[in-house]
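Quick mapping for you: the protein sequence lines, in order, are chains P and Y. Quick note on numbering: the first sequence equals residues 0 to 357 in numbering that gives the first Met the number 0. Quick note on numbering: the second sequence equals residues 0 to 485 in numbering that gives the first Met the number 0.
Treat each hint with caution, since some may be false.
[Said to hold, decoys possible] Lysine-lysine pairs mimicking PhoX-like chemistry, simulated, CA-CA at most 20 Å apart:
#, chain 1, residue 1, chain 2, residue 2
1, Y, Lys105, Y, Lys156
2, Y, Lys200, P, Lys6
3, P, Lys347, Y, Lys21
4, Y, Lys55, Y, Lys15
5, Y, Lys1, Y, Lys200
6, Y, Lys256, Y, Lys400
7, Y, Lys447, Y, Lys464
8, Y, Lys400, Y, Lys430
9, Y, Lys15, Y, Lys356
10, Y, Lys356, P, Lys6
11, Y, Lys464, Y, Lys15
12, P, Lys6, Y, Lys400
13, Y, Lys360, Y, Lys394
14, P, Lys6, Y, Lys430
15, Y, Lys442, Y, Lys464
16, Y, Lys430, Y, Lys464
17, P, Lys146, P, Lys233
18, P, Lys347, Y, Lys200
If you are wondering where the hints come from, they were derived from the structure by calculation, not from laboratory data. If you're wondering where the values come from, they're calculated on a predicted model, not measured in any experiment.
This is what each chain is made of:
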Amino acid sequence: MSIVVDKSGPFTHGSNNVQRTMFTVLAALAPATMFNLWLFGWPAIFLFLVTMAACAACEAVCIHLGGGSIDDVLSDGSVLITGWLLALSLPPWAPWWVAVVASAFAVGLAKHAFGGLGQNVFNPAMVGRVVVLVSFPVQMTAFVPTKPLFSAGAPGFAESLHITFGKAVSLDGISAASQLGFIKTEMARGVPVNQSMDQLPALGDLLLGFHPGSMGETAVPLILAGGLFLMWRKIISWHVPLAMLGTLFIMGAVFNAVDPGRHASGLFHLISGASFLGAFFIATDYVTSPVSKSGQLAFGVGVGLLTWIIRTYAGYPEGVAFAVLLMNALTPILDQHFRPRVFGRTRKGAPLPLRGDK
Amino acid sequence: MKLFPIMGGIHPDYRKELTSEKAIVTLPMPATLYIPLQQHMGAAASTAVEAGMLVKKGQMLGRGEGAVSAPVHAPTSGRIVAITEVTAPHPSGLPQMTILLEPDGKDEWAELPAPMADPFTTLPQQIRDRVAASGIVGMGGATFPSAVKLGLGNQYKLEILLLNGAECEPYLTCDDRVMREYPDQVVDGARIMAHALGAPKVIIAIETNKPQAIEAMSKAAAAFDNVTVVGVPVQYPMGAERHLTQAVTGRETPARKLTADVGVVVHNVATARAVHNAVRFGRPLLSRVVTVSGGAIAEPKNIEVPLGTPVSVLLAFCGGATNAKRYISGGPMMGQPLPSLDVPVVKGTSGILALTKAETKESASRPCIRCGSCVTYCPCGLVPVEMAAFIRNDKLDEAAKIGVQDCVSCGSCSYICPSHIPLVHYFNYAKGRIAALDRERRKNEQTKALVEAHNARLERQAQAKREAAARAKAQKENSDESRANA
Numbered sequence: 000m001s002i003v004v005d006k007s008g009p010f011t012h013g014s015n016n017v018q019r020t021m022f023t024v025l026a027a028l029a030p031a032t033m034f035n036l037w038l039f040g041w042p043a044i045f046l047f048l049v050t051m052a053a054c055a056a057c058e059a060v061c062i063h064l065g066g067g068s069i070d071d072v073l074s075d076g077s078v079l080i081t082g083w084l085l086a087l088s089l090p091p092w093a094p095w096w097v098a099v100v101a102s103a104f105a106v107g108l109a110k111h112a113f114g115g116l117g118q119n120v121f122n123p124a125m126v127g128r129v130v131v132l133v134s135f136p137v138q139m140t141a142f143v144p145t146k147p148l149f150s151a152g153a154p155g156f157a158e159s160l161h162i163t164f165g166k167a168v169s170l171d172g173i174s175a176a177s178q179l180g181f182i183k184t185e186m187a188r189g190v191p192v193n194q195s196m197d198q199l200p201a202l203g204d205l206l207l208g209f210h211p212g213s214m215g216e217t218a219v220p221l222i223l224a225g226g227l228f229l230m231w232r233k234i235i236s237w238h239v240p241l242a243m244l245g246t247l248f249i250m251g252a253v254f255n256a257v258d259p260g261r262h263a264s265g266l267f268h269l270i271s272g273a274s275f276l277g278a279f280f281i282a283t284d285y286v287t288s289p290v291s292k293s294g295q296l297a298f299g300v301g302v303g304l305l306t307w308i309i310r311t312y313a314g315y316p317e318g319v320a321f322a323v324l325l326m327n328a329l330t331p332i333l334d335q336h337f338r339p340r341v342f343g344r345t346r347k348g349a350p351l352p353l354r355g356d357k
Numbered sequence: 000m001k002l003f004p005i006m007g008g009i010h011p012d013y014r015k016e017l018t019s020e021k022a023i024v025t026l027p028m029p030a031t032l033y034i035p036l037q038q039h040m041g042a043a044a045s046t047a048v049e050a051g052m053l054v055k056k057g058q059m060l061g062r063g064e065g066a067v068s069a070p071v072h073a074p075t076s077g078r079i080v081a082i083t084e085v086t087a088p089h090p091s092g093l094p095q096m097t098i099l100l101e102p103d104g105k106d107e108w109a110e111l112p113a114p115m116a117d118p119f120t121t122l123p124q125q126i127r128d129r130v131a132a133s134g135i136v137g138m139g140g141a142t143f144p145s146a147v148k149l150g151l152g153n154q155y156k157l158e159i160l161l162l163n164g165a166e167c168e169p170y171l172t173c174d175d176r177v178m179r180e181y182p183d184q185v186v187d188g189a190r191i192m193a194h195a196l197g198a199p200k201v202i203i204a205i206e207t208n209k210p211q212a213i214e215a216m217s218k219a220a221a222a223f224d225n226v227t228v229v230g231v232p233v234q235y236p237m238g239a240e241r242h243l244t245q246a247v248t249g250r251e252t253p254a255r256k257l258t259a260d261v262g263v264v265v266h267n268v269a270t271a272r273a274v275h276n277a278v279r280f281g282r283p284l285l286s287r288v289v290t291v292s293g294g295a296i297a298e299p300k301n302i303e304v305p306l307g308t309p310v311s312v313l314l315a316f317c318g319g320a321t322n323a324k325r326y327i328s329g330g331p332m333m334g335q336p337l338p339s340l341d342v343p344v345v346k347g348t349s350g351i352l353a354l355t356k357a358e359t360k361e362s363a364s365r366p367c368i369r370c371g372s373c374v375t376y377c378p379c380g381l382v383p384v385e386m387a388a389f390i391r392n393d394k395l396d397e398a399a400k401i402g403v404q405d406c407v408s409c410g411s412c413s414y415i416c417p418s419h420i421p422l423v424h425y426f427n428y429a430k431g432r433i434a435a436l437d438r439e440r441r442k443n444e445q446t447k448a449l450v451e452a453h454n455a456r457l458e459r460q461a462q463a464k465r466e467a468a469a470r471a472k473a474q475k476e477n478s479d480e481s482r483a484n485a
C-alpha cells in the first residue's frame, strides 16, 4: 500500500482558526455595541445595520470582481469586524449615505485594492472613517445627546427612519459636541481647558457613556471588559493597549501639570473619544500592526503619542483614527526593526560568544 | 534544582493517556524482517552477508562505513533471503538497500563480545568502540551514531551528560515506559556514557507530566551522588536538545555550535538503555520500544519491536487501523509521514501513529492575517510569517538572513497558525534548497579554482617555453656574435 505524502508535519493542529478569532472579536464588541445602540436608539440601530450591509455588499462585489467565490464572502468574518468598527466610529445619527461611502472606501479601497484579507496596509475601518470625516465634516461632527431607546424624548421608529434615511435632515437643533470637540471650540474662543472642563458632565457620567460621541466611544467599562476578554482568550496581548493608553495618559498628565490652561488631564484623555475602543479593538488589528511584541509596544506608544498631539495641537478634536493610520504606515518598518532575538544569537544576529571568548 | 525559562513553545493536546498505562509488550517474531543498511545519519553500512546465508541473533549484517556510520545486526537467527532495494521509511518513498531476513524461530544468539564487568575502570575509548560496534544511534529520532557523540569529550571539556527523558511529543510514551520499567538499566547506561564522555555529572530531565517515571528514575538514581533527576515544565519543544540544555543549565548554545560548546552533551534515555545492554551484556541494538497510537488504532500499545518489522505487522498486532487520515513515524509534531505501511521499523522509530481526521485537524490554508502568533510561540525567536513570505517569493537569501537555518522545525508555528499555513513545510523546503545551492556554489567555486589553476599552469608552461625560446635565441645570437667576433 502506498500513501501520498503531500506535506511535512506537524500533523496535528491547535483548535484556533481565522473564523473563530474573528467571531471572538465580535463577541467581545457585542456588549458595548448593544449598550450604545440602546443609548442612541433607533437611528443608531439603522446606521449600524446599513454599515454592516454596505461592507458585506462591497466585499461581495470585490471578491466577485477578483474572480473569487461569493460563498467565501462572509465566511472568515473579517468584513463583519470592519463594518462593525466602522459603524462604531460614526456619529450615531449620521445619514445612511455617509455609512455607504465610508464602507465603499473601507472595504473597496483600503482592503481589496491592496489584495484583500491580510494584505492591506491601513486599517480599513479607519480609512472609511477618515474619508468621510474629511469629506463630510458637518455630518461627521453632528453628535447628539444620549437618548436611550424607548425613553422620553427618544425618536420613535418612523421618526428614526427619517433621521437615518430622510432627505435634508438637519440635526442642528439637537446636536451637541463631544467633550473633545467642546474643549477644542472653547479653546478657540479663548476659554482655558481647565475652565471648559468644569462645564462637562462629571467624570463618572463620561466614564459610563452618558455623553455625546461616536457610537462606540461612549461605553468605556464595556469596551474595557471586551478588551480584557480578548486578552483572556489570547486574541490580543497587553502590549498595544497598555502602550497606547499609557502614553496617552502620561502625555496628558505631564503636560496638564505643566500648563493646565492649555492641556487636558491624562484621565480626561483616557476616557474621552475613542481611546479605549482604539486601544483594544482598532490599534490591535492584526493585519495592520507589527507582528512582534516589541514592535507592538513601539506601535502602541506611537499611536498614543500621535493621538495626544492631534487632539492637543491639530485642527481635529479627535485623533485616534489619524494616529492609527499614520502608525499603520510605519508597521512594515517597525516589523523590520523590532524582531525578537534569535535563539543562540545576539540582537544583531551574530552567534553568541562562547564563555571564555571575549 | 533551579530551572530556567525557555522562550515560546506550545501546549498541544498530548493524548499520552492512550498508551501511558500500557506496559511494554514484546512483538511475536514477524515472518520476515526488512533490515535497511541505513538506519542512521551518516554513511550507509555495507553488506557483510550474502543471500542464502544463515545468521545468528546479534550477528553483524552490515558494517559501519567511515567516521559517521553504524553497523546493523540480525535481530534474530534465521536465513538471509535477499539483499535488495525496498521502500525506505522516509517521506520520499525512495528505495534503499535492505537485507531480508527470514527468522528460523530458534532465536539463537551468535557469539557476543564479552560483557564488561566494571565499565568504570575501562578506558573510555573501549566503551565508545563497544557502542560503535553495537550499532547504537540516537534513539530519540535523530539517529546520530552515539559513539561519535560519546567522543565529544576528546575535544570539549564536558561537565554534564543531560539525559533526555522529556518526551515532549504528543502521543509518544515509549521513553516514559522505558524509564518506568527499566530505570536501573537507564541509569546504569547513563553512568557508563558519562564515564565515556568524561562528564562528572549526569542530569536526567523528565517532563512533569510523567510523575511515575520521575519517581522510578529518582529511586534508581538515589544511590549515585552524581546522578540527579529533574522534572522540567510541560512545554513543547522542551525535548529539543538546545532548549532542554537551556532549561536545565541556563546555558544558551550559540548558533552553529554544539551543546558540547557549553559543556553539555544530550542523549536520549532509550539510548542509555541500549548502551547498558551493549556494555554489560555485549548485546548489539536489535530492537526498540515503539508507541503505536492514535485515534485510528484499535488497541494502542507500547511494543518492544525487532528492528526491521514492517509497520503493517505492528498495526495488525494492535488490532488494525480504521479511518486513519495520516500515518506517521514518530510524533505528530516532528514525525515523518509514512510513504507506505510496508516500510520497516528502524532504530529511530519512536512511534507509529494512525491519526484520524479529527486529530489532524487539517484544513485548507487561508490568507495570513498577520496575527503574530507564530512570532510569539516560536521557541527560537524567529519571525515565521516573514520567512514564509520571503520563501514564497523565492527570496531564499532574505529568508536565510533572518534565520531560516536556525529553525529547528519543531512545528509550533504551524500548529498555532489560525490560517493553517504549512509554515514548517516552507522552512524545510527553504533549508533543503539553501543547502543544495550552497553545495552547488561550493562545487562551482571548486571548478573555478581548478580551471584557474589549469589556466595558470598552461600560462606558466607557455611562459617557460617563451623564456626557453628567448634564451635559446639569445644563446644562438651570442654564439653567432662570438663567431662573428672570432
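Quiz prompt | Hint check against the structure, violated hint numbers in rising order | solution = Failing hints, ascending: 1, 2, 3, 4, 7, 11, 12, 13, 15, 16, 17 and 18.
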